[in-house]
Amino acid sequence: MTGRAIRIAAGQGFWGDWLEAPIRQVRGGPIDYLMMDYLAEVTMSIMQKQKSRDPAAGYARDFIPLMERLLPDLVEQGIRVTSNAGGVNPRGCAEAVLGVARKLGLGGRLRVGLVSGDDILPRLDELLAQGHDLRDMETGRPLADIRDQVLSANAYLGMAPMVEALQRGAQVVVTGRVTDTGLTLAPMFHEFGWDPNDWDKVAAGTVAGHIIECGAQSSGGNLLKGWRTVRGMENPGFPLVEAAADGSFVVTKHPGTGGVVSVASVTEQLVYEMGDPRSYITPDGVADFTTIRLRQLAKDRVLVSGVRGGPRTDKLKVSIAWFYGYKAVGTLVYSWPEAYDKAKAADRILRARLKDLGLEFEQVLTEFVGADATHGPLAGPPNPDAPEIQLRIGVRARDKAPVERFTREIAPLVLTGPPSVTGFAGGRPQVEEVVAYWPALIDRRVIEPHVRVEILEA
Amino acid sequence: MPRMVPLQLRYLAHARSGDKGNTANVGLIALDPGHYDLLRRQVTAARVKRHFRRMVGRVERFELPNLNALNFLLHDALDGGGTISLKTDAQGKVYSTALLRMEIPVPDTVARRARKGTP
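In order, the protein sequence lines correspond to chains A and B.
Residues 1 to 458 (our numbering) are what the first sequence spells out, left to right.
Residues 1 to 119 (our numbering) are what the second sequence spells out, left to right.
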């Protein structure tokens, strides 16, 4: 590495991640950027559900009290934030950030960048009419099949609008659906003035983003190799990258924190959610993960170099949430002796009752937790002396009525089924609405002209 | 010729898995870089499909010699995936360890050393 490095720290790996992490990233050592990734495929569906109940909701609400705690430090030290906390309501999120800034007396001292234009729901019929059929990337079905069930539709934006927001002086950049990796790429391109068509630089920044986008999952969390030897996870050090102008970077964490940054911890994160490693496609370019070189430089310091990439494609991915149906999961616990056999008998009885009631389901799935829930038949025959087995039975249907009735069939098993049963104190299972994910591709030329960057002043 | 014995992958590799829709991926990483080639030869897509049988659909494999790793895509493995799935492991997080149950034939000297080395 040569020249000045910039330090980009991961503060959240998903919506619901450890709330102390961003605080410790800001106060535990020098950083230039705090990167806060909140969005997974499922998250957009959940936010959409919340927004349909309350138009002011639809973003990662946790972000606001967090900003309230951190803004004084951020402003004081000039640390900038990139975050997709905006979810399906980035404007609501940005305004809430401005609200807490004013409350903290930071009026006139904070600029918030708002990136919008990813939301294509208002334009959906127009786009379909123009021949963009938004086929499901997995099944090939055209979106027209489920058009009236669509709840949200967002294109994954790349780094460009975030780079613009940073260039225009935004200290906190709030976006809707941008790619996780773009949140890390944007600071690099802004700081180093890289050419967005320098594909190796795009690929390098993408790899950096992928390594830190799941928070501590690259710094000792969920690490299988030598998991017993990972120390200090009561205070896990979230990862940060020290990026250099040549495209290489070091993955590390603050001194005095727990966890580990090793070739093993970084490799496990690199392969997480991987498809074809030669073409990791983002809106900004295509990274080739088979070119990545890793080297342990020192304790908790891994150098990443050699990353190559190729040009961006002319398509953007679109994440569509649609109303699918209903599901519910019920559980009961059976104790030794013959716990598994009792649970199995209960399952048989329950299924017969559901059938007798004439209830129709798309799926009825039984798992025996303690015997086969995670590895199925690979786990081998159940332990005849298991101290307990949890019967876990789930149903899914397009209609609500059969799922609703199912939720009333669990508790009766306690007095009308096999013995030694417990664990039903939680009450009846809840009927859940299933909002499903529909990934599609769209021509980027119909999205990009609609992307807007606004700078809002506290 | 060394005597060949079956050895579970847990002694030769570590792994992490994730999801994309109804597909689970498993990244299988050699614990000892010297064993990457053994994994590459023995842990084929066809063998992995045989291991999982009806738990998964089509299996694809990609090689990452730079990371001493293989990446497997297990299609149709998640009961619809994401929010649709009724599975405990709806997002395929522990297909990784399910793959580590698989046995491959290795020279007994390799097996003995690998068993000792795994924490």
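Mixed in with the good hints, there may be bad ones.
[Stated by the list, open to error] A few chain B residues facing chain A, derived, Cβ under 10 Å:
| id | residue |
| --- | --- |
| 1 | G21 |
| 2 | D37 |
| 3 | I84 |
| 4 | T97 |
| 5 | I104 |
| 6 | P105 |
| 7 | P107 |
| 8 | D108 |
The hints are simulated quantities; they were obtained by calculation from the structure and are not laboratory data.
Think of the CB as a built atom: it goes at the ideal place given N, C-alpha and C, for glycine as much as any other residue.
Hint-by-hint comparison with the structure:
no.: 1; hint: G21; verdict: 5 Å, holds
no.: 2; hint: D37; verdict: 16 Å, violated
no.: 3; hint: I84; verdict: 5 Å, holds
no.: 4; hint: T97; verdict: 7 Å, holds
no.: 5; hint: I104; verdict: 15 Å, violated
no.: 6; hint: P105; verdict: 19 Å, violated
no.: 7; hint: P107; verdict: 23 Å, violated
no.: 8; hint: D108; verdict: 24 Å, violated
Hint compliance for this structure: hints 2, 5, 6, 7, 8 are broken, all remaining hints hold.
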